[in-house]
Amino acid sequence: YSDIHGYRYRLNAYRQRGRYALAMRLLNNHIPTIEELGLPDVLKDLAMEPRGLILVTGPTGSGKSTTLAAMMDHININKPCHIITLEDPIEYVHESKVSLVNQREIHHDAKGFQEALRSALREDPDVILVGEMRDHETISLALTAAETGHLVLSTLHTIGAPATIDRIIDVFPPHQQPQIRTQLAGTLKGVISQALLPRMDNTDRIACHEIMLMTDAIGNLIRENKIFQINTAIQTGMRFGMQTFEANLARLVVDQTISHATAQDITSNPELLKRLLGR
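Sequential numbering of the sequence shown, starting at 8, is according to my numbering.
Keep in mind that the hints are not guaranteed to be accurate.
As the list claims (entries may be wrong) - Derived BS3-like pairs: lysine-lysine, alpha-carbon spacing no greater than 30 angstroms straight-line:
#1 K86 / K104
#2 K118 / K104
#3 K104 / K51
#4 K51 / K86
#5 K51 / K233
#6 K281 / K233
As the list claims (entries may be wrong) - Restraint ranges, calculated between C-beta atoms of paired labels, are given here:
#7 P57 / K118: 23 to 33 angstroms
#8 R282 / R125: 46 to 56 angstroms
#9 G248 / G156: 20 to 30 angstroms
Keep in mind that the hints were calculated from the coordinates and are not lab data. Glycine included, C-beta positions come from ideal geometry on N, C-alpha and C.
Can you make the complete structure from the sequences, with help from the hints?
In structure tokens form, the structure reads like this:
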């Protein structure tokens with residue numbers, strides 16, 4: 008919904024206690040840059056990949072849409088190409104800059120993500136943003152699009168690269184999973200997992216990231232179904248631009264951006280965090 012002043016809102020009407028109620032969220036018209044969000048510079052390199060699959064993951068409200076919007080805007084500013092976004096709903100409006108941008112809203116411009124993605128593939132896009140991969144048909148189409156020379160960006164409600172890869176594989180029946188592992192190993196470029204944490208001064212929240220980038224070693228782990236070893240590969244892949252949640256948490260604690268208690272609450276590897284903090 009847009010008002011006469013150009014402000015955009017996301018509205019959800021519902022009933023509770025026998026009455027009507029409304030949840031309203033003001034959408035930001037300004038698309039923040041990767042720098043403004045404090046995101047790692049490696050996301051600029053990922054955004055400029057010519058083809059493949061990039062996933063931004065995290066729980067609801069972790070800023071996935073904003074991170075994707077910043078990456079899409081980086082492409083739009085720096086690369087002449089055809090971008091199609093498929094969203095439910097459209098949160099950030101992208102005006103064409105160096106790129107040509109077309110945005111479609113699910114349930115308004117298309118019945119669903121599957122139909123929208125099939126249609127998009129017939130329109131010669133270079134970059135496709137799929138707001139969310141909700142089922143195995145959409146995931147399969149996204150993988151095929153990435154295989155056939157498109158850059159595909161999407162989101163999942165998972166935390167961490169191993170859980171993300173497992174989720175994708177597990178939505179398919181067992182007889183298809185070896186093929187999906189092979190497709191993922193060949194198309195996946197990176198997984199950015201993020202969470203928003205309260206700052207120590209309680210002014211607002213800051214994003215903490217785990218970044219997995221595809222390497223030959225990680226590709227082999229996916230093909231061989233050794234997903235549980237990916238965390239180790241991320242820990243040893245700092246020279247490629249990778250980082251664990253714990254490495255980012257440790258920096259935020261040392262910089263006194265977040266409290267040690269906050270870091271302990273979110274970490275899934277307290278021993279690694281303790282070692283990185285020297286405690």
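Tested hints:
1. For the proposed pair K86 and K104, the alpha carbon gap of about 9 angstroms is at most 30 angstroms, so the pair holds.
2. A distance of roughly 28 angstroms separates the Cα atoms of K118 and K104; the hinted pair therefore holds under the 30 angstroms criterion.
3. For the suggested pair K104 and K51, the alpha carbons sit about 17 angstroms apart, so the restraint of at most 30 angstroms is met.
4. As the CA atoms of K51 and K86 are separated by approximately 12 angstroms, the hinted pair is consistent with the 30 angstroms bound.
5. Proximity of K51 to K233 is assessed by CA-CA distance (about 29 angstroms); at most 30 angstroms being required, the pair is judged to hold.
6. With a CA separation close to 26 angstroms, the supplied pair K281 and K233 stays within the 30 angstroms bound.
7. Roughly 30 angstroms separates the CB atoms of P57 and K118, a value that falls within the hinted 23 to 33 angstroms.
8. The hint said 46 to 56 angstroms for the Cβ distance between R282 and R125, and at roughly 48 angstroms that hint holds.
9. Range check, G248 to G156: about 24 angstroms between beta-carbon atoms, so the 20 to 30 angstroms window is met.
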